[in-house]
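Peer 1: The task is simple: from the sequences and hints, build the whole structure.
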Amino acid sequence: MQQTVGSGGKGPSEGQALPALLGKIRQGDREAMAELYDRTSPLVFGLALGITGDRARAEEALLDIYTHIWKNAAACDPVVPPLDWLVATVRERALLGQRRGLPSAGAAWLRPGAPRRQPDGETGATAAPGEQERARAAVADLPDAQREILARAYGGTLSCDEIAARTGKPAGAVKTLVRLGMNRLAEGAEEDEVEARSRD
Amino acid sequence: MKHDRATEEIRELAALYALGALTQQEARGFEIHLAEGCGVCRAEQRRFARAAATLGLAAEERRAPEYLRDILLERIEREPQAPDPGAPQSTGPEEESGRILELPPAEASPAGGGSGRHGFGRSLPWLLAAVCAALALGGGFAWKSARTDAGRLRAELAEAAEGAGRTGDELRTLRARSADLDTILEMTRRQGVQSTHLVGQPATPANSGMLLWDAGRRRCLVIASFLPAPRGQVYQLWFSTPEARVPVGVLEADAGGRILARLRTPEGLERALSAVVTLEPAPGSVSPEGPFCATGSFR
Ligand SMILES: [Zn+2]
Numbered sequence: 074m075q076q077t078v079g080s081g082g083k084g085p086s087e088g089q090a091l092p093a094l095l096g097k098i099r100q101g102d103r104e105a106m107a108e109l110y111d112r113t114s115p116l117v118f119g120l121a122l123g124i125t126g127d128r129a130r131a132e133e134a135l136l137d138i139y140t141h142i143w144k145n146a147a148a149c150d151p152v153v154p155p156l157d158w159l160v161a162t163v164r165e166r167a168l169l170g171q172r173r174g175l176p177s178a179g180a181a182w183l184r185p186g187a188p189r190r191q192p193d194g195e196t197g198a199t200a201a202p203g204e205q206e207r208a209r210a211a212v213a214d215l216p217d218a219q220r221e222i223l224a225r226a227y228g229g230t231l232s233c234d235e236i237a238a239r240t241g242k243p244a245g246a247v248k249t250l251v252r253l254g255m256n257r258l259a260e261g262a263e264e265d266e267v268e269a270r271s272r273d
Numbered sequence: 248m249k250h251d252r253a254t255e256e257i258r259e260l261a262a263l264y265a266l267g268a269l270t271q272q273e274a275r276g277f278e279i280h281l282a283e284g285c286g287v288c289r290a291e292q293r294r295f296a297r298a299a300a301t302l303g304l305a306a307e308e309r310r311a312p313e314y315l316r317d318i319l320l321e322r323i324e325r326e327p328q329a330p331d332p333g334a335p336q337s338t339g340p341e342e343e344s345g346r347i348l349e350l351p352p353a354e355a356s357p358a359g360g361g362s363g364r365h366g367f368g369r370s371l372p373w374l375l376a377a378v379c380a381a382l383a384l385g386g387g388f389a390w391k392s393a394r395t396d397a398g399r400l401r402a403e404l405a406e407a408a409e410g411a412g413r414t415g416d417e418l419r420t421l422r423a424r425s426a427d428l429d430t431i432l433e434m435t436r437r438q439g440v441q442s443t444h445l446v447g448q449p450a451t452p453a454n455s456g457m458l459l460w461d462a463g464r465r466r467c468l469v470i471a472s473f474l475p476a477p478r479g480q481v482y483q484l485w486f487s488t489p490e491a492r493v494p495v496g497v498l499e500a501d502a503g504g505r506i507l508a509r510l511r512t513p514e515g516l517e518r519a520l521s522a523v524v525t526l527e528p529a530p531g532s533v534s535p536e537g538p539f540c541a542t543g544s545f546r
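As given, the protein sequences belong to chains A and B, one line each in that order. Residue numbers for the first sequence follow the numbering used here, so the first one is 74 and each next one is one higher. Residue numbers for the second sequence follow the numbering used here, so the first one is 248 and each next one is one higher.
These aren't lab readings, by the way, just hints derived from the structure by calculation. It is possible that part of the hints are untrue.
[Said to hold, decoys possible] Computed from the model, here is a short list of chain A residues facing chain B with C-beta under 7 Å: (1) 114; (2) 115; (3) 139; (4) 143; (5) 164; (6) 182; (7) 259.
[Stated by the list, open to error] Here chain A is said to cover these stretches of chain B; the calculated rule only asks that three of the stretch's residues, wherever they fall, bring their Cβ under 8 Å from a Cβ of chain A: (8) 257-271; (9) 311-318.
[Claimed, not checked] Distance ranges between label pairs, derived from CB positions: (10) A/271 / B/501: 49 to 59 Å; (11) B/312 / A/101: 22 to 32 Å; (12) A/93 / B/290: 46 to 56 Å; (13) A/240 / B/520: 55 to 65 Å; (14) B/310 / A/176: 16 to 26 Å; (15) A/176 / B/509: 24 to 34 Å; (16) B/509 / A/244: 44 to 54 Å; (17) A/210 / B/313: 23 to 33 Å; (18) A/185 / B/328: 38 to 48 Å; (19) B/328 / A/172: 26 to 36 Å; (20) B/534 / A/92: 51 to 61 Å; (21) A/272 / B/324: 34 to 44 Å; (22) B/450 / A/243: 39 to 49 Å; (23) A/172 / B/252: 30 to 40 Å.
Ideal placement from N, C-alpha and C gives every residue a C-beta, glycine not left out.
Peer 2: As C-alpha cells, this is what we get:
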C-alpha cells in the first residue's frame with residue numbers, strides 16, 4: 074500500500090501497524106500507548122473538533138477516548154479494522170454533547186464546498202495517510218446533494234425523518250441520497266481493498 | 248425472514264443504520280434481524296460501516312494541545328488496566344484520598360453501530376480530567392501535573408493575548424481554565440484538606456465529581472459534571488452530621504451541567520460524615536426534600 078509520510082513526522086511505514094500497537098497496549102505497554110496517541114491524536118482531535126465545533130469539548134473527548142482505550146484494552150478486540158473502530162468511537166463520543174442539547178458544528182468538512190485544508194504543519198505523524206487521503210478524495214467526488222445530507226447525518230443525531238424536515242426534502246429523497254452516497258463510499262472502499270490485496 | 252439478495256430498501260436501512268439515523272425502534276428491529284442471521288443484511292451492514300468510517304477518516308487533522316498528552320501519559324502511569332471491568336477496585340488507606348474519579352467501564356461501540364447505543368456513558372470535563380490526573384499521582388508528586396498544566400495554560404494565554412488567530416471565546420476559555428486551576432492548586436496545597444468523590448445515584452448514574460473541604464478555613468470546592476438540572480430546579484449541597492443535614496449552598500452549573508463552585512461552609516460541621524447533593528426547587532430548600540443526586544463520604 075503506497076502511503077505518503079506525514080510532514081515532519083513518522084509515517085506508518087516507520088511505525089508499527091495499529092493492530093500490533095493495540096496488542097502491546099493490551100499487555101500494558103505504555104510506550105505503545107504513547108505511540109498510538111502520537112499517531113492518531115491529530116485525527117481524533119480533528120474529528121472531535123469538526124463535530125463539536127468546541128475546543129473544550131473536543132479536548133474532553135480526546136482524553137476520554139484514550140483513557141478508555143488504555144483501561145479497557147483487554148476488552149477491546151474489535152473485529153472491525155482498528156482505525157474504523159476508533160473513528161466510530163470518536164464520533165459517538167463527540168455526539169454526546171448534542172444528545173445533551175449542546176450546539177455542534179455538524180461535520181463541517183463533509184459539506185459541499187468545504188475547503189480541502191492541509192493538515193497542520195506541525196501535526197507530525199498521521200494515522201494512515203494513504204487511507205485518509207483516499208477518504209478525502211472519495212468525499213470530494215460525491216455530488217453536492219449527497220454530501221449535504223451525509224454531513225447532516227454523520228455530524229448529528231437526527232433521524233432520517235428529522236433531516237427531511239430540516240432540509241425541506243421528502244423523507245424518501247433523503248433516504249435515496251443517503252443510500253447513493255453511502256453506496257458510492259462503500260464501493261470505493263471495496264476497490265481500495267481489492268487493490269491493496271493485489272499488491273500484497 | 249432472511250433475505251436472498253440486497254434490495255434498495257435493505258441498502259437504505261443498512262446505510263441509515265450505519266449513520267445512526269434510524270429511530271431507536273427501527274434500529275432495534277434491524278439489529279434483531281441481523282441477530283437472526285441474515286447474511287445479506289450483515290454484509291450490507293459491514294459495507295456501510297466502512298463507508299461511515301470513510302466519512303470520519305476524511306476529517307481534517309488538528310494538533311491537540313501538548314498538555315493533553317502529558318495528562319494522558321501521567322494518568323496511564325498510575326491507571327491500572329481493567330482485566331475484568333466487574334472486579335472491585337482495591338482501596339488502601341493511601342489510595343482512598345487519591346482515587347477520586349473513576350470512569351465507568353464504557354462499552355465499546357462497534358463501528359457504525361451507533362444507533363441507540365452510546366460508547367460512553369458520561370462526559371469527563373476537562374478540568375476533572377486534569378484534577379484526576381493530578382490526584383492519581385499521590386504523595387509529594389501529587390500536584391506536579393496540575394502545576395505543569397497551570398504553567399502551560401498561562402504561557403498559552405500570554406501567547407494568545409499577543410497574537411492573532413484566537414477567537415474571543417477561546418481566549419475566555421483559556422483564562423477561565425487558568426483561573427480554575429489556580430483555585431484548585433491553592434486549595435490542595437493546604438494541609439488538612441479533605442477530599443471525597445461525589446458519586447451519582449442509581450437514578451442519576453451520570454453525575455460525578457469531587458469535593459475538596461478545608462474544614463479549618465470553612466471553605467469547600469466542588470468540581471463536578473452533572474446532568475443539567477430540570478427547569479426551575481437547582482442542585483443543592485448538604486453536609487450530613489450525626490444530628491442533621493446542614494445546607495451548604497447551591498451548585499451552579501453551566502449549560503453542559505459542569506460545576507465549579509466555591510462555597511463557605513457553616514460552623515459546627517466538624518463531625519460531618521458525608522456530603523449529599525439533592526435536586527431542590529429553585530432557589531433552594533432549608534432542609535433536603537428532593538431526590539439524592541450524588542453523595543460522597545468523609546473519612
Ligand atoms: Zn436481511
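Peer 1: Please go over all the hints and tell whether each is borne out by the structure.
Peer 2: Now the hints, each set against the structure:
1. 114: Residue 114 of chain A check passes; min Cβ-Cβ to chain B is 5 Å, inside 7 Å.
2. 115: 4 Å, holds
3. 139: 5 Å, holds
4. 143: Holds - the Cβ of residue 143 of chain A comes within 7 Å of chain B, reaching about 5 Å at its closest.
5. 164: 6 Å, holds
6. 182: Holds: closest Cβ of chain B sits about 5 Å from residue 182 of chain A, inside 7 Å.
7. 259: Holds: closest Cβ of chain B sits about 4 Å from residue 259 of chain A, inside 7 Å.
8. 257-271: holds (count 10)
9. 311-318: It holds, with 5 qualifying residues against the three required.
10. A/271 / B/501: 49 to 59 Å: Since the Cβ atoms of residue 271 of chain A and residue 501 of chain B sit about 54 Å apart, the hinted range of 49 to 59 Å holds.
11. B/312 / A/101: 22 to 32 Å: Distance hint for residue 312 of chain B, residue 101 of chain A holds at roughly 26 Å.
12. A/93 / B/290: 46 to 56 Å: At 28 Å between Cβs, range violated.
13. A/240 / B/520: 55 to 65 Å: Holds: the Cβ-Cβ distance is about 56 Å, inside 55 to 65 Å.
14. B/310 / A/176: 16 to 26 Å: With a Cβ separation near 24 Å, residue 310 of chain B and residue 176 of chain A satisfy 16 to 26 Å, so the hint holds.
15. A/176 / B/509: 24 to 34 Å: Holds, at about 28 Å.
16. B/509 / A/244: 44 to 54 Å: With Cβ atoms ~50 Å apart, the hint holds.
17. A/210 / B/313: 23 to 33 Å: Given range 23 to 33 Å: holds, Cβ gap about 31 Å.
18. A/185 / B/328: 38 to 48 Å: 44 Å, holds
19. B/328 / A/172: 26 to 36 Å: This hint holds: roughly 28 Å between Cβ atoms.
20. B/534 / A/92: 51 to 61 Å: Roughly 58 Å apart at Cβ, these two residues keep to the hinted range, so it holds.
21. A/272 / B/324: 34 to 44 Å: 40 Å, holds
22. B/450 / A/243: 39 to 49 Å: 41 Å, holds
23. A/172 / B/252: 30 to 40 Å: 36 Å, holds
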